[in-house]
Amino acid sequence: MEAKRLILALFLLFLLSKSSAFPSRKSRVHKPCKRLVFYFHDIIYNGKNSGNATAAIVGAPAWGNKTILANQNHFGDLVVFDDPITLDNNLHSAPVGRAQGIYVYDKKEIFTAWLGFSFVFNSTEHKGSINFAGADPLMNKTRDVSVIGGTGDFFMARGIATLMTDAFEGEVYFRLRVDIQLYECW
Amino acid sequence: MEAKRLILALFLLFLLSKSSAFPSRKSRVHKPCKRLVFYFHDIIYNGKNSGNATAAIVGAPAWGNKTILANQNHFGDLVVFDDPITLDNNLHSAPVGRAQGIYVYDKKEIFTAWLGFSFVFNSTEHKGSINFAGADPLMNKTRDVSVIGGTGDFFMARGIATLMTDAFEGEVYFRLRVDIQLYECW
Amino acid sequence: MEAKRLILALFLLFLLSKSSAFPSRKSRVHKPCKRLVFYFHDIIYNGKNSGNATAAIVGAPAWGNKTILANQNHFGDLVVFDDPITLDNNLHSAPVGRAQGIYVYDKKEIFTAWLGFSFVFNSTEHKGSINFAGADPLMNKTRDVSVIGGTGDFFMARGIATLMTDAFEGEVYFRLRVDIQLYECW
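Chains as they are written, first to last, in this note's numbering: chain U, 354 to 539; chain W, 354 to 539; chain H, 354 to 539.
Just so you know, these hints were derived from the structure itself, not from any lab. It cannot be assumed that every hint is accurate.
Each pair may be met inside one copy or between any two copies, as identical chains are not told apart.
Claimed, not checked - The calculated lysine-lysine pairs, modelled on BS3-like cross-linking and capped at a C-alpha distance of 27 Å, are: (1) Lys494 / Lys480; (2) Lys480 / Lys461; (3) Lys480 / Lys387; (4) Lys494 / Lys387; (5) Lys461 / Lys494; (6) Lys419 / Lys401; (7) Lys419 / Lys461; (8) Lys384 / Lys480.
This one's a predicted model, so the numbers in the text were calculated from it and none came from an experiment.
For reference, chain U alone in the conformation it holds in the complex:
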């Protein structure tokens, strides 16, 4: 009887350890260990808005220039940005961090971009950074890029971020909604 009770206890311990120590790692339905939603706002320099521009064309193809996005769906334009991050979709809300990095328009036929950037936080709420990379076929309603790492509060983070264009005004302003789903949290 004692042996059986021991076996049972051991078996329960075994089951428990499987289910709790590695919660979502190999399960088929993946649940994020952390989820965060932000907006960021990109105002591109067009030669006249140096006061409030947050981004600038710094690389352009032979047929382009640095103050007007190139034709052929801006193919070849490389943009550096330092954009405010807000909690809601209002450009004038208090920024909670900065989105910093580069994007390039990389297709002649339709609008598509490639992004390498970071979210940088230094507030009471969040300290640290989240790093992203990936393709942004921006004519799709939503598209996923990778969370490739993190520091500080986001130490060793991995996951995906679902981008959605929340506003697009002429060729000067756009706003992206970023739904960050981390699947590795340390």
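Starting from the known structure of chain U, fit chains W and H onto it as the hints suggest.
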């Protein structure tokens, strides 16, 4: 006897769970959980081939320009690309996806590049993206870059990709063979 | 008695496997599985130092050029580099590898950069590469970027790297101390 049978069953279950749930994670001989081989084709814009160019110089050093790759092993040339991906080494095969991103030639003495790019798939075969980054010392027969993330069918992928220059024609066309070995599959 | 001994052995095996197979993965206090400290040296091309420059401006905003870092804290300057890596802080020490990739200055108000680069080693000591990405708010004494992957000796590495500006001479030379802490080692 019953107790012994229970113990045996438990022990087998235990072994099974160890070997199957975390297959190659910490073993010394690493075996990819997924392997894929593709080719991609890069035709760089040279001022005369706008019809079929898939890439363009968008950044160049002080001594360079946007239609001729710079001297000193193209040091400083930054190229944006949207290249077709094929299953074999034929440029005219039906593309199964697009390779999109940037590369920079980053050494004066020999040809070497740094790459940040994505494979984007949207077919019945594969949906999603694989994201890559790394150094490409392209005079070596093979060289490895990192798979830093993935989305869709390649959700949370990590691994390496072995690049091989499969063809190199003048300064306009090259073809890379990409042998993707994923070691983290979700 | 035999059954009890079996149970005990099984239990010990179980504990052992839990504690050794996944050492630091989910523990609260993270200890690097590998730590490496290097220095790298960046000499930017200014129109007169082509002999020993290791980096060049290849993208610049509308108000910038390729031989002088732009005003407004160099916002928009994109630099390609192939910098020597040394074990100590002496530029003239024998290089143990090369730091290759890009950085962009991405803020108008203060010095801040975004980095995508690799450490490339090919010596008896180390063979392979370590890939990095992240924000570099370079006015901070130390700042962390992500190790997003590795190849060769650094196969599948992940972690963080703490950057520290070890020297900064005018607008031509800087030296970074890089303290690499890997938390995933294969």
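Hints, verified against the model:
{"no.": "1", "hint": "Lys494 / Lys480", "result": "between (30 Å within a copy, 16 Å between copies)"}
{"no.": "2", "hint": "Lys480 / Lys461", "result": "between (39 Å within a copy, 22 Å between copies)"}
{"no.": "3", "hint": "Lys480 / Lys387", "result": "both (15 Å within a copy, 25 Å between copies)"}
{"no.": "4", "hint": "Lys494 / Lys387", "result": "within (23 Å within a copy, 29 Å between copies)"}
{"no.": "5", "hint": "Lys461 / Lys494", "result": "within (20 Å within a copy, 32 Å between copies)"}
{"no.": "6", "hint": "Lys419 / Lys401", "result": "both (12 Å within a copy, 22 Å between copies)"}
{"no.": "7", "hint": "Lys419 / Lys461", "result": "both (18 Å within a copy, 17 Å between copies)"}
{"no.": "8", "hint": "Lys384 / Lys480", "result": "both (24 Å within a copy, 20 Å between copies)"}
Hint compliance for this structure: every hint is met.
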